[in-house]
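As you go down the protein sequences, you meet chains A and B in turn.
Read left to right, the first sequence gives residues 2 to 128 (the numbering used here).
Read left to right, the second sequence gives residues 58 to 212 (the numbering used here).
These are calculated hints, taken from the structure and not from any lab test.
Hints are not guaranteed to be accurate.
[What the hints assert, rightly or not] Calculated pairs, DMTMM-like style, for lysine to aspartate or glutamate (alpha carbon to alpha carbon, straight line, at most 20 Å):
#, chain 1, residue 1, chain 2, residue 2
1, A, Lys121, B, Asp110
2, A, Lys121, B, Glu175
3, A, Lys76, A, Asp96
4, B, Lys94, A, Glu126
5, B, Lys94, B, Glu108
6, A, Lys69, A, Glu126
[As the list claims (entries may be wrong)] Selected chain A positions facing chain B (in silico; Cβ < 10 Å):
#, residue
7, Cys51
8, Thr55
9, Tyr90
10, Leu108
11, Glu113
12, Phe116
13, Asp117
14, Ala118
15, Leu119
16, Leu123
17, Asp124
18, Gln125
19, Glu126
Glycine included, every Cβ here is placed at the ideal spot set by N, Cα and C.
Spelled out, the chains give:
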Amino acid sequence: MKNRIQHRSVASVARRRVPGSQFDSLDEVFGALSDPIRRAILTRLAAGECPVSTLGEPFAVSPPAISKHLRVLEKSGLIARRKSGRVHYCRLRADALRRGGDWIQQLTAFWERQFDALAKYLDQEQS
Amino acid sequence: MIPEATGQRAISIRLRRWFAAPRENVFRAWTNPEALKNWWCPMGWVPGDIEIDLRVAGTYRIGMRNMESGIPVSVYGRFLEVQRPERLVYTWQWENAFQDMPETRVTVQFVERGAGTEVVLTHENLPEIGVCLRHRSGWIAAWDRMEESCLKPRS
Chain A
2 MKNRIQHRSV
12 ASVARRRVPG
22 SQFDSLDEVF
32 GALSDPIRRA
42 ILTRLAAGEC
52 PVSTLGEPFA
62 VSPPAISKHL
72 RVLEKSGLIA
82 RRKSGRVHYC
92 RLRADALRRG
102 GDWIQQLTAF
112 WERQFDALAK
122 YLDQEQS
Chain B
58 MIPEATGQRA
68 ISIRLRRWFA
78 APRENVFRAW
88 TNPEALKNWW
98 CPMGWVPGDI
108 EIDLRVAGTY
118 RIGMRNMESG
128 IPVSVYGRFL
138 EVQRPERLVY
148 TWQWENAFQD
158 MPETRVTVQF
168 VERGAGTEVV
178 LTHENLPEIG
188 VCLRHRSGWI
198 AAWDRMEESC
208 LKPRS
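Isolated chain A, as found in the complex:
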């Protein structure tokens, strides 16, 4: 029962959110998350900040390829870099991941809204 109430409250949010602009801003986050190596890099960074040079170690991938992955992650806002002396460090950025979590809610909200609309349509059809 509790779940149902939560879903209803999500559904009321859904009416104010339409696909399009809100969804588009997340393309980069999900694009970045769509690659297994990038996800593995994020998992690694979840344990704490790492020097860039050590991030490629577990993978059979060239350093330029790792750099490319890091650029995608950085552009998406999922990671941030800083330089200390000659060493570049990467760390995870929580806010971008949170936006990803919000997207799960948005998708749930989307389906709840579709259910609401379908219920209305079926009622009209019956009467």
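Here the structure of chain A is known, so what remains is to put chain B in place on it, guided by the hints.
Frame of chain A; chain B shown alone:
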């Protein structure tokens, strides 16, 4: 490679709703282009091209357009299972929204219950983000919010 790099750990969403209508009607509303025109689009959106080839390996596209900006958004994919009027499985991809998102999968079950129909919808293969969240206490709130609306796949 570390395990998280290769594992299929995608998350899924499951929702249920009961509708006061016969199963055949609910199934038709879900799959018939003319019916979809009447309910699919959110406020502020109008239906675009809706094409549905309702058979295994058949494709579908449900388009809509924003009334103000004119921006078109579609959902498209292909049917993996079609069992009228009880079960549908299809791939799901957005066009003009989440362009880089991988193909996801939707399963819809239409169950006769009481004087109506329960629809059980599972949206699967959503990109895994929980694995990134799990370790950090600061993100526990976000993770909890996800847990509320997500079910992990039963493996």
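Which earlier hints turn out false for this structure, listed by number in ascending order? 1, 6, 7, 8, 9
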